[in-house]
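Quick note, the sequences are listed as chains A and B, same order.
Every letter in the first sequence is one number past the one before it in this note's numbering, and letter 469, counting from 1, is 453.
Every letter in the second sequence is one number past the one before it in this note's numbering, and letter 79, counting from 1, is 84.
In short, the hints are calculated from the structure, not lab data.
Quick caveat: nothing in here was measured; it's all calculated off a predicted structure.
Using N, Cα and C, we set each Cβ at its ideal position, and we do this for glycine too.
Please note that a few of the clues may not be correct.
Pulled a few chain B residues facing chain A out of the computed Cβ check, cut under 8 Å [to be verified]: (1) 23; (2) 26; (3) 30; (4) 34; (5) 48; (6) 79; (7) 80; (8) 84; (9) 113.
One-letter residues, chain by chain:
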Amino acid sequence: MKIKTGIVLSGFVNVALIVVIAAFAYHDLNRILTKLAFVEIADDLNTLFLEMRLSEKNYFLSNDPGELADIKERLASAKQVVGSMRGDIVRATGAANYAELVEDIGEYGKTFPEAGQDRPPDADAEARIRSAGKKLREFSETLIRLERKEVHRIIDNSTNGMLLSFWAILLSTVALSPVSSRRILNALKKIETLTKSISQGRFDKIEEHPGNNEIASVIRAVNSMSQELRNREEELLQTKKLASLGILTAGVAHEITNPLNNISMIAQTFEQSYGDLDETMRLEFMKKVENEAERIKNVVINLLDFSKPKQSQRLTADVRELVEHTMALVRNMLDVSAIDTALDLPQGLPPVLVDEHQIHQVLVNLITNAIQAMAPGGRLSVAVRAVSGGAAVEIEVRDTGKGIAPEHLSHVFDPFFSTKGVGGTGLGLSISYGIVKNHHGSIRVESEAGKGTAFTVTLPAITSQNFAEE
Amino acid sequence: MSGKVVMVIDDEKIVCDMAKIALRKEGYEVETFVDLVLAVERLKGRSFDLVITDLKMKGIDGMEVLRTIKEKYPATKVIMITAFAHLSAAIEAFRGEVSDFFPKPIKLKELVAAVKRAVGDEA
Ligand SMILES: Nc1ncnc2c1ncn2[C@@H]1O[C@H](COP(=O)(O)OP(=O)(O)O)[C@@H](O)[C@H]1O
Ligand SMILES: [Mg+2]
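This is chain A alone, in the form it adopts within the complex:
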């Protein structure tokens, strides 16, 4: 279900609940008002009966015929009221009681004219009148009591209904909406993690969300962005490789030209001084030709190795060999720029799981930068060591170059940050950063302007523990 649909639906449910409650409340209120009006009328009736009885008492005491007239008048209005309340009284007390009431009023009315013959009623008549009056009074009181009870019942029901609806709304907002908001929050958290890893140069993917809601499409979008970035990175990697290749060309030219020249010179000497050479020398010459051809072959292999398109393949490697291999690759660059080297490559370091070509590329990038930062006579130091009690291995590339200005230090890993004008792409370090991150390692820089710079690559070692996880 789409989140939008969910939110609209839960909103709709809440509104519907509120409408139902309002309707019930309105209905109950109406009933209460009607009841109260009825209670009021019943009250009037009660008052009428009360006054009637007062007049009745007075009449018996004073025998005043005026009182008798009052009683008759009141009896008439009571009859009227009872008639108008018929339906309500029947409902409240039942048809039988209503009939009895009417009968009682009739009875009460009938007793008086008899009693009103200008002579005091006899004791028997008086007793009948009193009991009829009492009955009427009791009836009206019962009526009021019953109706009051009914009003209370309605109010209680209404209160319970309200309370119930309140819980229902509370439940639907407190219990149901967190379900959808938790879903949103969880998804956001995943996306956040992914974004973080992307910003750190690792282009992971997160598990796709089932269903067809907004979260799923956001995750799909982020995943495809991650994939796109990964592709881009690979492209950049390739671009950068070609650029490094350009930088390497000078060294490569030297490396190929020298053995080529050697072969050529041997051939010329062979031809021009054949007679002056003895058998051993001639054989030695041919052996040298063979050696020089071998030299060329190695350079070409290295070159192909370097420009080969990336096909990520992680294998167990020894950082010492990685550095040595890289040094062979950059040897001539160093020579051209007259840079001294100091290598500290102890044996027996824990192995790492790496894509060799990529790590070579990182090291070539770092060394190229170091060379570019130094004047002839500078010194490049490369050291490897185990750290974190053998859980990781560090490769440090240190130069005695011009250093990095403090305000540039935080930007050197940014793509396209370069202080080299048209001479720099600003990609070397950002790509190196990405590669190292992908290897779950880290890269850091220390630099002092005018003194030199040290880049340190840390790679997790294959410890027995790490290995068990693979």
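For this one, chain A is given, so just place chain B with the ligands on it according to the hints.
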């Protein structure tokens, strides 16, 4: 036999050896050095008519040798060789100071001819 003395400096031993064979054949006395420091040291002990030096060798700049020779032994001629074709332009600037310049691969006959020209042994 001209009896002139030539020094060859190149960290590629084959270059030294082949140049030596070719120049000896022409009657030159040849000393070769694969180590630039030893070569400079040797210059102090003996005067050479000509020095053939590689421009860039591992860790050392042949340009330094040129400067030293021009300063201390102005009579000594210099021929530059180099494996860096792209340095040709830079070396053009030294046209006045070097007798000749050869990018590798070197033609031995041309090198010998250049040596002869430089030390005034031309026929
Ligand atoms: N070893 C170093 N010494 C001094 N500055 C450096 C060094 N390495 C990198 N930098 C600085 O970091 C910037 C970015 O390097 P990089 O990403 O390799 O791009 P580029 O080399 O193409 O400029 C360089 O332009 C330079 O200013
Ligand atoms: Mg760079």
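Does residue 48 of chain B pass the interface hint, meaning its C-beta sits closer than 8 Å to a C-beta of chain A? violated (21 Å)
Status of the hint placing residue 34 of chain B at chain A (closest C-beta pair under 8 Å): With a minimum Cβ separation of about 16 Å from chain A (threshold 8 Å), the hint on residue 34 of chain B is violated.
Evaluation of the interface hint that places residue 113 of chain B against chain A, nearest CB under 8 Å: holds (5 Å)
Answer holds if the nearest beta-carbon of chain A is closer than 8 Å to that of residue 80 of chain B; otherwise answer violated. Violated, about 28 Å.
Closest C-beta approach of residue 84 of chain B to chain A relative to 8 Å, hint status: violated (15 Å)
Using the nearest Cβ pair, does residue 26 of chain B come within less than 8 Å of chain A? holds (5 Å)
Let's test the interface hint: is any C-beta of chain A closer than 8 Å to that of residue 79 of chain B? With a minimum Cβ separation of about 25 Å from chain A (threshold 8 Å), the hint on residue 79 of chain B is violated.
At a threshold of 8 Å, is the proposed contact between residue 30 of chain B and chain A supported by beta-carbon distances? With a minimum Cβ separation of about 6 Å from chain A (threshold 8 Å), the hint on residue 30 of chain B holds.
Status of the hint placing residue 23 of chain B at chain A (closest C-beta pair under 8 Å): holds (4 Å)
Hint check: violations occur at hints 4, 5, 6, 7 and 8; the rest are consistent with the structure.
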